[in-house]
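Colleague: Let chain A serve as the given structure and place chains B and C on it in line with the hints.
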Amino acid sequence: MNPEALGKVIFYGSSIALFLIGLYIILVKRNLIKLILGLTFIESGVNLFLVSIGYVWGRTAPILNKPELMETPSKLAVDPVPQALVLTAIVIGVAVTAMALAIAMLIYDKYGTLNISKIKELKW
Amino acid sequence: MNPYELLAAVFGLGAILTYLLGHFDRHLKTWLTLITLALATYIFLHLPNEYSLESPSLLFGIDKLSWLFGILTLGLGTIVAFALLAYPELSPNFYFMFILNIGASIFLLLSRDLVAFFLMWELMSWTIFAMILGDGGAERGRAATKYLVWSAIGAAFILFAFAILAKSTNSFEWSGIVAGISQMPSGWRVAAIALLIAGFAVKAAIMPMHTWVPDAYAESPHPFTAFLSGVLSKLGIYGIFLAFFVLSARFELVNMPKIFGTHIFGYILAWIGALTAFGASLIAIKQEHAKRLLAWSSISQLGYILFGFGIGSAIGIAGALFHAVSHALFKTLLFLILAGVIKRTGTDRMAELGGLIKKMPLSFIFAVVGGLALAGIPMTIGFPSKWLIYEAAIHQGFIFTTVLIFAASTAVFLYYYRFVFSIFLGELHANHQDVKEVPFPIWFSYILISIPIFWLGLFPGKAMQIFAEIAEQFDLPAVTNFTATTITTPLGSFNALIVGLVFFASFAFGLLLYFIGGRTRKVHQYDTFLAGEADEPVKLHYGQRFFYFLERELKPLYRISVEKIYQFVAEFTRFVADQVRKGFFCGNAQAYLYYMTIFIVILVFAIWRIKL
Amino acid sequence: MVSPILLIAVPLILAFSVPLWGLIHKKLEKFVPLIAFGFNTYLIFRLLPFALTERTISVVIANIKPPFGINLAVGPFGLFFALIIQLVALATAFYLLSYDPPEPSDKFYMLFILLVLGSTGMVLTGDIFNLFVFLEITSISAYALTAITKTGPAAEAGFKYLLLGSLGSTLVLLGIALIYGSLGTLNMAHIAHRISGMDSRLVVAAAILFIVGFGVEAEMLPLNGWVPDAYQAAPIPVVALLSGAVAKAGLYALARVLYTLIGMPNIIMLLLTFGILTMFAGELAALRQNDIRRLLAYSSIGQMGMIMLAFGAFGVNSVFGGVLQAFTHGITKALLFLVLGVMALHTGGATDMESLRGFGRKFPYWSMLFAVGVLSTLGLPPFAGFWSKLALIIGVIIDGHPTYAALALIATFIEVFYFARLLSVIYSSKLSPKLVERSIRNTTIPLLSATFLAAIIIAVGLYPNVFFDLGDSASRALLNRAHYIFSIIGHYLQSMGGV
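Protein chains in written order, with my numbering: chain A, 23 to 146; chain B, 1197 to 1808; chain C, 4 to 502.
Next comes chain A alone, as it looks inside the complex (with noise of 0.2 angstroms):
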């Protein structure tokens, strides 16, 4: 298999499982710190597979810092648009991580658990 296809599959490869792995955390796990992991997990995995989608074998970062790249940028540097997508979805993802623990933090305080079967005041 040449380098190229190994890493395709490498990269998606990576960005599945640690989408599973988080999936798995999320559906398996009780404790709402390990739900916000899992969590992360999967925003992580799917970061990932977008920035990989954007990457051409044998290119370079999109960062105009040398004359070759300036002339020529759409042969010489990988696809730019998902490191902008993905930027933006991290920083999304630190902030609904924060207010994730955030939520947590009060309802350890309000509930005393962090089991999330045990937490069903509102139900029916």
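Among the hints, a few may not be true.
[What the hints assert, rightly or not] Just so you have them, the derived chain B footprint on chain A, three or more residues with Cβ under 8 angstroms:
(1) 44-50
(2) 133-144
[Stated by the list, open to error] Derived lysine-lysine pairs resembling DSSO-like cross-links, with alpha carbons at most 27 angstroms apart:
(3) K142/A / K1778/B
(4) K153/C / K56/A
(5) K140/A / K153/C
(6) K153/C / K132/A
[Stated by the list, open to error] For each label pair, taking beta carbons as the anchor points, the in silico distance ranges come out as:
(7) N293/C / R1805/B: 34 to 44 angstroms
(8) R1222/B / P52/C: 43 to 53 angstroms
(9) G1383/B / A353/C: 50 to 60 angstroms
(10) N293/C / I112/A: 38 to 48 angstroms
Calculated from the structure, these hints are not laboratory results. Keep in mind it's a predicted model, so treat the numbers as computed, not measured. All C-beta atoms in this analysis are idealised placements derived from N, C-alpha and C, irrespective of residue type, glycine included.
Modeller: Structure of chains B and C alone, referenced to chain A:
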């Protein structure tokens, strides 16, 4: 301004003004209602033929059928509103709904396209809910809820049928549907018409859509029940007429078998009507509350009307329409009388009433009048209408249903006698020693209603004229052989005036004998002989479980109840609802995440199957 | 013409200026949402005539033309939903003037504006990643606002919403990744143009991811576990927005992605099944509720199910009905929740049915407003709900799905039952002991706010023509994929050598 718009404005403004100004004086709201209705009646009588509203596009028009039911609605509505003068405790809210309801009913009768009709139907329906709810109370709430759910079921049937018709005939207007319906495949056509009739049957209290009636009639404000039973059920009848005779564009065009010369659809309707008439009258016999008795009686009489429509011959249609008019009149009268009795005594339990003839003689006289009309005695409007229906049945050759109808009429005598006896005859209850006659507005309305009861009973030709015009307008067979006082059918004829006068003469003769002849001695009510034991006066009024012996014999028949099926459905729905609630929305966030994952899997499979 | 970008820009600036106003004077903070949404509503009404012309306007941002730059696609469909959102936001913002905000109040108002801003952005954008970003803005503000009262139930509800919502958003991102990977563009019109060139398995995968992701916001079964809890625990103005704005934005996104981007009728018709299931689940669960807040939440789920069903039928008439019903539902639920909020003030916070028994006897005007909302939800004239329900049912039947219409009608029987029961409890003759004699505070402002919404319902009910025209353009615009593509990137395609 166009008369139709004027009519709408009168109703709208009348309702709003009555609501706003009604707080100032106890009787002002009733007078405002009466003025509104009077104005509306005047405009109604002078409406031009057609009118179309631009936005949204609605079509209205007036024809003989709308005119007939409209006069009935406005006339009886005004009389009931007049009787309301004796009920100042009803809130302005009630009058607001009342005016809106009558307005919606009138415009319903004037609608000539689907959207206008459905709009008015729904408006009419929910204002009834508000009026039944009235002042609130647990039982009232339950009865009103039951009514609204049934009304929604009926409306859903009607809407669905309308949508099918609109889609197939590409038109939303009556004229377009009538023109296009013959092109529909006959299965769809029959289904649409059947759905329509089933939807209207809810309002018209035909079995098995009748279970809301006893509760709603029993719990609604008493004078309103008169209107509900007298007028509003007739709107369901109007709808059935519209569906079966007008929109279906003459079923003869459809290749379906005939029984006894009647199209099978009509035959089925006739059976449903006959069963309703018979079943409801049996249940009326065993009622202990007078309001419920009259409610079941209404269901029964409406069955007669459906029976007449089902027969579909000239006499049948004329008889059914006549019975609609006559039932509207005498049922309103009977309910108003009952309302007066309840107002004075506070109860409608017949075991607790009795002997009121001494205190409320006027009410008694009119109760007898109403009863004569209900039973179909000559002199009153009940006779020609019932006579026509019997003639139609016999002429068409229906045997079993005729037996049912005759049995129902016998039952009428039974429950009617119980009604009059338990309330007015027999012994006066100790609590009711101080009861007075009903106030002027109520007994005056008795007189007002009795006038057409006698007039049309002696001169039925006037009514027959209208029915013939209606039948001719819609290309239906019409009874044409009548004069002002006689009606002739292939089976025979009668002269209402002569027959009525003979009855009246014999009645007068009996009355004369009662007052002149015989030696009577006035005895105190409690001066009873008890085989030697005479210490305390004992009430010997026979008022409770009047027909117990009959109920015992008919026990197997009484076990049949549609209500049980509905209860079962309601219980089952509640059970499923609880399962959904507790099973699905369990509160555990992780479970929700599982649902999400499983959902993705399901979607994958679903799309796989669709695409492959 | 006024630039629609102001619909997003102005509230954004105002949102972040709230703490500054707070420095001047604490009381000034609560006026900011009103200013923001008052301006927005005014702007929307200025833009409405364009909605009637069936043109989709592309608003170019930063002078980079689509498909390379991010653009707003302001068309009849988007504008209609933006109208719904702004009207609900305006009424709720007005309600806020007399509402005690949970601390910290400046963040509350800021998040409030951001929530509406996100929803408005979702319905107006023409770029799919932009859609994702606005989705996240909306969602994060929603999570925060749900938990903002910092009570136990609020935190629990916020966490559930967060779990489901962020998982959903991540799936949306994955779907975007798939699309970008195959097509190389993020512009919705460009994607729509090129989607036929994408491997159909990937298209299906993206579609599934979008359905699940946007379905969480749009309250679709089985992703709506968070709904009853969030509606019960969040502050009342927030709940009104959740139901009126956020759910509608989620629905918009779902419809836009499925109709315009993916455009496969088979997938769209899946909405029929899930819509009716959502409807039944919502109505059945509402049947046994005693707490009115939860009852309204389940009713909201049921109504969203019905709207989804209409969108699933894939025809002009049914989408017309669906769009109208979205409008009616947004306004009506907002009205119901705002009135319920005032009712709760009189019982000391309790919202179960027994505590509010007899409310109608003591407070006839408020109960009348509530009754207007209930009757409109049930689809009774002369209210807006009548026309929208009529159009929906007839539309679904005309477009060839009579069984689903029949099932929807059966679900409405359940709805009639519990709402009739609710009305009879409110108008009961018995008075609940909890109803306090005196008025807690001056309720003029909520009264005006609720009356505003009720007035819209009655006005649309009596004169529905403008309403019909708007709905008609909107539904045609949604179904007219070619027109959308052409309006946004027509010039680009032509410059690339023929469309």
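Colleague: Compare the structure with the hints numbered earlier in the document and write down the numbers of the violated ones, lowest to highest.
Modeller: Going through the list in order, the structure violates no hint and respects every one.
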